[in-house]
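Construct the complete structure from the given sequences, taking the supplied hints into account.
Number of protein chains: 2
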Amino acid sequence: MNICTYSYEEYLHLVKSFHGTLAPGLLIGGFIVDLAMKNLPEGELFDAVCETPVCLPDAVQILTPCTIGNGWLSIINFGRFAVTLYEKYSGKGVRVYLDTKKLEKWPEVRDWYLKKKKKNEQDSDLLMAQIKEAGHTLLSVQKVQVEPEKVRRKKMGPVGICPVCGEAYPSKHGEKCLNCQGETPYSEVTKVKTTK
Amino acid sequence: MNICTYSYEEYLHLVKSFHGTLAPGLLIGGFIVDLAMKNLPEGELFDAVCETPVCLPDAVQILTPCTIGNGWLSIINFGRFAVTLYEKYSGKGVRVYLDTKKLEKWPEVRDWYLKKKKKNEQDSDLLMAQIKEAGHTLLSVQKVQVEPEKVRRKKMGPVGICPVCGEAYPSKHGEKCLNCQGETPYSEVTKVKTTK
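Respectively, the protein sequence lines represent chains A and X. For the record, in the first sequence the residue sitting at position 117 is 116 according to numbering that gives the first Met the number 0, with numbers rising by one throughout. For the record, in the second sequence the residue sitting at position 67 is 66 according to numbering that gives the first Met the number 0, with numbers rising by one throughout.
One thing to keep in mind: the hints can contain errors.
Simulated pairs of lysine-lysine, DSSO-like, Cα-Cα distance not exceeding 30 Å [said to hold, decoys possible]:
hint	chain 1	residue 1	chain 2	residue 2
1	A	Lys-116	X	Lys-153
2	A	Lys-149	X	Lys-153
3	A	Lys-131	X	Lys-190
4	X	Lys-153	A	Lys-114
5	A	Lys-131	X	Lys-192
6	A	Lys-118	X	Lys-153
7	A	Lys-154	X	Lys-118
8	A	Lys-15	X	Lys-154
9	A	Lys-154	X	Lys-104
What the hints contain is simulated information worked out from the structure, not anything from laboratory work.
Here it is, written out as structure tokens:
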């Protein structure tokens, strides 16, 4: 059983190293990305959509060339456990999702996924074992037509200098940057003198 | 000259492997994260804020334990080229940004950053050389107090089954999942029969 070009154990190692913990969602995510890669439509360049920010984007980032920083991975916050890979020009894609109808055979996975048990009531070893054994059988596949402009990162456009903070920002945001318009998450800011 | 625990050349290799290309923003991002790590406030667990989705989040994901999938990296779309690392409980943090006042000595970096030249007019080798030579001198540092609840990923909360698509989704989104409420990026969806 492989996850893309890796053995399952190699994939676990990559997950630990990149994501920090062997999160159940990332293990299922490995199977999701693997199954999507095996069902790619024709084409050469694929972008990814992840329908939740939780765990799953890291499976995409580990296993495909798509990352959040290069813009080939888009996250839409539907809270559905699904990944779509689509040909970037035609929008033709494959969507793989965790299928709630296929959970009955795997009660520990079901209780984790549907949050039927608190974290301290879960049997982590059993959960991991069921995920590994179930593999692709938890998943279903759809062909989808993606409208890329609905998911893709918008261009930054022309750059201005914010008259308040003095930093560069996208002029389209207005006369000041969004931070200085009041959306700031910082309640205090102090300049630090650096020696170099 | 190192980027965190890596030599500059090792960092370039990681960038190529994870991000796909040696994007200028990711090279400057390496120096930004490095300088932030050198100026961390006291504490043990740090979360990251990236003020643009472009390039910079990948520098954070390569160099720190914070990723988009594990929730320790938050992206706010201010379009400012800045990274903040903050102690996750106290919110005390350090913010490092590309300082427009420090660009005059590095005209190729300035013209790239402020979009004064089109891509085909840029001298890529000169740009890379100036970024490497300038290093930390392009940057400034601030102490900041972060309000974590303004940047951190919200909890998913209880899970329901969408009566339309049959998939699990956060009940707080309403009676149907957001996709089935009409926000879908998919114009066509067809189920695929899988052999396994």
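Each hint, compared with the structure:
At roughly 20 Å between alpha-carbon atoms, Lys-116(A) and Lys-153(X) fall within 30 Å of each other, so this suggested pair holds. For the proposed pair Lys-149(A) and Lys-153(X), the alpha carbon gap of about 23 Å is at most 30 Å, so the pair holds. At roughly 24 Å between alpha-carbon atoms, Lys-131(A) and Lys-190(X) fall within 30 Å of each other, so this suggested pair holds. Between Lys-153(X) and Lys-114(A), the direct Cα distance comes to roughly 16 Å. Compliance with the 30 Å bound is thereby established for this hinted pair.
Restraint check: the Cα-Cα separation between Lys-131(A) and Lys-192(X) comes to about 22 Å, which is no more than 30 Å; the hinted pair holds. Taken as a hint, the Lys-118(A) and Lys-153(X) pair is honoured in the structure, with Cα atoms around 18 Å apart against an allowance of 30 Å. Between Lys-154(A) and Lys-118(X), the direct Cα distance comes to roughly 14 Å. Compliance with the 30 Å bound is thereby established for this hinted pair. Distance check on the hinted pair: Lys-15(A) and Lys-154(X) sit about 22 Å apart at the alpha-carbon level, within 30 Å; holds.
At roughly 28 Å between alpha-carbon atoms, Lys-154(A) and Lys-104(X) fall within 30 Å of each other, so this suggested pair holds.
When held up to the earlier numbered hints, the structure conflicts with none and fits them all.
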